[in-house]
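Trainee: In this text, residue positions in the sequence shown follow my numbering: the first is 1, and each later residue adds one.
Once the Cα atoms are required to be at most 30 Å apart in a straight line, the calculated BS3-like pairs of lysine-lysine come out as:
id : residue 1 : residue 2
1  : K326      : K251
2  : K442      : K193
3  : K159      : K390
4  : K326      : K363
5  : K201      : K388
6  : K193      : K159
Using C-beta positions, here's what the derived DEER-type ranges look like:
id : residue 1 : residue 2 : range
7  : S269      : T155      : 51 to 61 Å
8  : K196      : I371      : 30 to 40 Å
9  : K326      : T294      : 24 to 34 Å
10 : K379      : L407      : 13 to 23 Å
11 : E53       : L407      : 31 to 41 Å
FYI, nobody ran anything at the bench for these hints, they're computed from the structure.
Built from N, CA and C at the ideal position, the CB exists for glycine as well.
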Amino acid sequence: MLNKLHLFIGKHGLVTILCFAFLARFFIVLTFNAISIFPDSENYITLGKLITEFNLENYPGNRTPGYPFLIALSNNSLTITIIIQLILGMLSTYMLFDFSFRKTSNKNIAFWVTLITTSFLHFLFYEFAILTETLTVFLVIFSFWIIERYQLFKTDTLKKYYLLLSIVFSWLYLTKPLFIYFSLGFALFYFVKHYKFSFRKTLIKSGIVILIPFLTYFSWNNFNKQNIGYFTNTFYFGINLAQTATSFFDKAPDEDALIRDIFVRKRDSLVKEKNYREYPMSVWYAYNDLLNETQLSPQELSAELGRISKGLFKKNPDLYLKQVSKSFFLFFGNSDSIKCNIKKFDNQYAKYFLSIIWSRIQKHILILFNILFLIFTFKHLLLFFKSKCKILDMNLFIVCVVLSGALGQALVAYGSNSRFAFPFLPLIVYFVIFNIIDLKSKYLSQKK
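Using the sequences and the hints, build the whole thing.
Mentor: Structure (structure tokens):
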């Protein structure tokens, strides 16, 4: 039976996956038939309209333009935006399969990696939401597909493919600002891997990958500097830092008593109500009161919150480290949620069926994959150090990218927001499936 399944996957694996991906999305269109709008969506929609009008003068700096540009390409039609996201989802499915197959030369691994990733309901429902996640996942998979398709970790690859990767990384940064580290991470990884072979050529190729993302970074941040007076990706950065300082914000100095006391009062009220799930969002609960009481603009308030938070980090490094550690493990320990307006299901049976699958099965499988990823990461790092740091392969790069993302998020934002980890899902599933099958192969060979 298993041999027949393996033969079938070997012959029809990609077609089967694409058919499944299409039918899954078609089923959701038939039973859900809605566009999910969330508080974050409005900012993206607004910026999309401004891009269409070619008028970014006095833009308040809420968001970066990567995802709003997609909305603008849709002529600000949310329906067309969702259709494009569904197409991107299908392309992501294809590229994930092709990446996995090219990396392992094993269609069974490629099949199971892609099937499991595409089967997660939150992966599908993000495509029906006006949020950045579908575009971000597409760009992450696209970048890894480029690296593997054109063998960018080798020394004889043409420079134009590094330029292509640089462009993709730029769009990724404009969609998810934290992901500016992707370009820097690849450049450092490539440089360390090959600098002994040819220092000059390695430096040039590393520089090409960094070039466009960092030009984009400085251009956008300088644009915000001119518009709102702050050199920043978005003015929310200070608020994110304040979230990280939530648990010890009461230690802020007396000269910041007004902001401190409003923040702490809201934070403590959530604790008193035992609303621990919203605890990381304390600053947002205090946001309107902070604006009213301080008479600061949103940009000025965020800058003040950032300044206070940085001071708290310096004076309380132990508490900051404790919070970063907690956020790091929350990155892997959070079960995601289905990002959809659940009440808009046309079919109540489908709503009930999908809710059961998600809450009883998939949420737990998701956490299991994250735990297995950490276990296999530890194993891979041990092998790396045992080899005297000589095994610089794709799997190590995936480990570096995911761990850097988890740490980067933990350093600047605290919360139970499972969206932080979502863009890394395909990489995590690939890494876990690869290691499971590798262990199985080694076990069977030893048994013989």
